[in-house]
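Q: So the protein sequences, as listed, match chains W and B. Mapping to our numbering: the first sequence position 62 is 62, numbers consecutive. Mapping to our numbering: the second sequence position 107 is 630, numbers consecutive.
In short, the hints are calculated from the structure, not lab data. There is no bait here: all hints are sound.
The following label-pair restraints were derived from C-beta to C-beta distances:
| hint | chain 1 | residue 1 | chain 2 | residue 2 | range |
| --- | --- | --- | --- | --- | --- |
| 1 | B | P923 | W | P71 | 51 to 59 Å |
| 2 | W | H259 | B | P641 | 32 to 40 Å |
| 3 | W | S146 | B | G600 | 50 to 58 Å |
| 4 | B | G846 | W | P71 | 25 to 33 Å |
| 5 | B | E821 | W | S146 | 43 to 51 Å |
| 6 | B | S650 | W | R26 | 46 to 54 Å |
| 7 | B | E779 | W | P71 | 23 to 31 Å |
Computed footprint of chain B on chain W, listed as stretches where at least three residues anywhere in the stretch have a Cβ under 8 Å from a Cβ of chain B:
| hint | stretch |
| --- | --- |
| 8 | 83-90 |
| 9 | 108-115 |
| 10 | 175-184 |
| 11 | 210-224 |
Glycine included, each C-beta is placed from N, C-alpha and C at the ideal position.
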Amino acid sequence: MKPRLTIVLALIVLTPLAITGWLGARLVRDQQAVVEHSFRELMLGQLRSVDALLGRSLEQYEELVRGEMSPLTVNAQELRRRTRQSPYALQYYALDVDGRVVFPPVQEPSALTAGERESYERTRHIWDGGELSGSAGDAETSTSGSPTGWHAWYGADGLRMMVWERAEGRVHAAEINSTRLLAELVASLPETDALSPEVAQGRIRLVDSTGRLFYQWGSYEPEEGALPIAALALGAPLGAWSLEYFGSSAAFGGAAEAHLLLNLGLGLGLLGATVIGLTYYFYREQSREMREAAQRVSFVNQVSHELKTPLTNIRMYAELLEKDADEADERLQRYAGVIVSESQRLSRLIGNVLTFSRKQRRNLELHRTPGVVDDVLRQVLDHFRPALEAKGIEVELALDASDTVSLDADVLEQIVGNLISNVEKYGAGGKYLLLSSRRRGDTTEIVTADRGPGVPSRERSKIFEPFYRVSAALTEGVSGTGIGLAIARELARLHGGDLTLEPTDKGARFRVTIHCPAESQPG
Amino acid sequence: MRTMKKFSPWPATALMAALMIPAAQADSVKLDVQMSTPVVLAGTSQKAYMRVALTGLESRRRHRAPVNVAIVLDRSGSMGGSKIEEAKRAALMALRKLGDDDIVSIITYHSTVDVLVPATKLSDRGSIRRAIQGIEAGGRTALFAGVSKGARELRKFVDRNRVNTLILLSDGLANVGPSSPGELGRLGASLAREGITVTTIGLGLQYNEDLMTRLAMASDGNHFFVEDEEDLELAFATEFGDALSVVGQGFTIYIECPPGVRPIRMVGREAEIAGREVHASLNQIYRDQTRYLLLEVELSPADAGKAQRVGDVEVGYYDLDSGSRAKLQDSVSVTYAKSPAAVEKASNREVMTAVVSQIGAERNEAATALRDKGKVEEARVAFESNSVYLQENAQRLDAPQLQDDAAVNLEASENLGEKEWNRERKKQVEGQYKTRQQRAVIPQRNKN
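Make a model of the complete structure from these sequences and hints.
A: Here it is as structure tokens:
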């Protein structure tokens, strides 16, 4: 196979594959982005539902504490009993209408229990700052209609919280056992083994305000320092806490992506196979036809060879007949002339076929001998004269190359013969043929011109292309323009010159140049 | 001696209390209040100790109270190998001790928490056994979450007529979630108020003994230091032995002192002291065992021959025998005398031994704190002098257990080096804890 054909075939196969592959990859990437986005949204939704879960736990805890607080009282003995028995609160408080703490009895320090003293120290900034008496804190309205809320702050060992309620101008409060509250929050959150499979593939973390891991669930183990796919900041009283979702790319839409990739791979494979199959078929068809064409050419070539010898004999004897025939027998002479002319025509045709075939085999050679260009031109014109006269074509001669030069007369004859033959065939309507020659240094220039229809401008560049189409019309093509002009140009170039179509007003005008240095006169 | 089965309305109780002095006794628990020095020196203000002892008696019922136990196992990476295998073996052994009416839940924690067996009656032992056998070690130590989840499982069936116990096993430092002894202590205190006891088992030499003891102490549970995993089974057996022999729980102890007596502190135990009123609590009393509280009081000066009531003690609890709330009452007095010899002669050797033992534990803690601060030499002196103190009192009071305490302190003074201290500290803290639990197998002569 020729390297160029290989490249073309490879391009035919690879280009659609590459384009499809690229588009497919883009599709996968877009799809992945879409999946990632919707997955992130999904996970954010999941985190929101966890947030809601935490919110409910906090509410429940508040209800438990407020259940213990009710009925609201300032009775020290009762508040001590509640404090002693409460699993949820560390210390209960009661304030008077002026915002002063009346229980525990802080005005009388010696009456305080150790627990009360410690709790008061922890919460003193709240009482002294009047933080609950004012409008501060995130107040809501309780079911009983009185304002209530949480107050959270950070103590020496972590989060501390207070639940408060204001009724009849007095604040009642509970410093809650925040560790117990946190334990309740943990208890309300899912465990790893109680999860639906899609959540179990990830990991949700509850991170406290210092960024420390507080609780986590899900079987996915994120790498150290990995960033969460989705994160949600929590509201008061767990301000600055956050929920984070971690997962591998395999976890979200991993299956979908794999599916897509598989489909894409299959599609590409199928497309590739189809393109390769088609290309192979195309290549086989072409090489078969080329083989067949080559066989036909070779057949025509062989036949031509076989025809050449009998044709030469026919021509020779016809010429003898023409010469020897009785001058008076005009009819016989005319018949002989037709035979000669037709056999010459056939010789040219065969010559063209053989030249073409030699050119195919890169076998064209020049056989230079001393000769005169004008003599060759006259001889060719003589061969055509009967045909030209029959069509009423007037010939104008302007020959000016009578020096003896080194040339291949057969080649020149073939070139000029093809050109005149074209005039006879296509330019006969102009009834005119110009044949001129002149020498310029080592180059001889020959011009043929007619006044026929000429060559349409869009075909000017194509008329020299060899009629190389593989088709049954080959034999017709030999007598057509294609092969004649192509061979003529090829031969002109072989002879160190060229054949060009000259621009002209009317008809076709060809210019032949051949390299033929002057031959030194033999001794 | 009379029996009071049920708590009666106040007026009747007051009358009965007057009739029943000095002691009242319910079915399964006996209350006994005594002074370290029933005779005190006249004419001077002085300190004295009141011992409130509660003794679990043989149950009349055939059946013990059902237990509701959550076993919370550490399966972090450090538990790998024989540790986790021994823990599984110990848990399986514990299961065999339980009956079909008992409730068990199994929780494992590492980086996350798994509720392996949600709280369930022990009727399907096969699946529980398989769940335990499937435990594998790996990951971090989410101890707080493990306890939180265990408590939730317990709470599903929590009942004053069940023994509600969470058993926590850990061999490492909690590194996910709250992990300070203070925080865990508050959680334990909260659980205790719901009738849940937390027992902690520290395995190996890497766990945080302060965290583990604070958690157990706050909920009145046990604490075990198990250096070698092969001894886990013993710890579990001891714990289950306790859980299965509880006769009463949810004890509230209220002591009211008359004018002239000022309560100072409860030795080795937290209590609420407001003026002359003292509130304390105890979670459980076991069969054939005594637990006691020591109240340090200051007595005002009085003339010789005068009798002074030191306190009226009222104890309320859930009697697992009768399945209802019961109440015990007692009170104690001192007499003032002129001669120190009379004081000495009357002094209660048993109560004094308890006092010395508690003071020894306090001094042991102080010495430990010195060592924690890196003051090795001062700690050595403190341990040694504590040893001498205990030794002297052991002889004076003829109390062999003080002799043992003295030996433990002496041993501590010899193991203060970097290499030995970690292990020694765990041993000392466990010892302090045992002392501060204030429990003892019943001395026979107290049974009257």
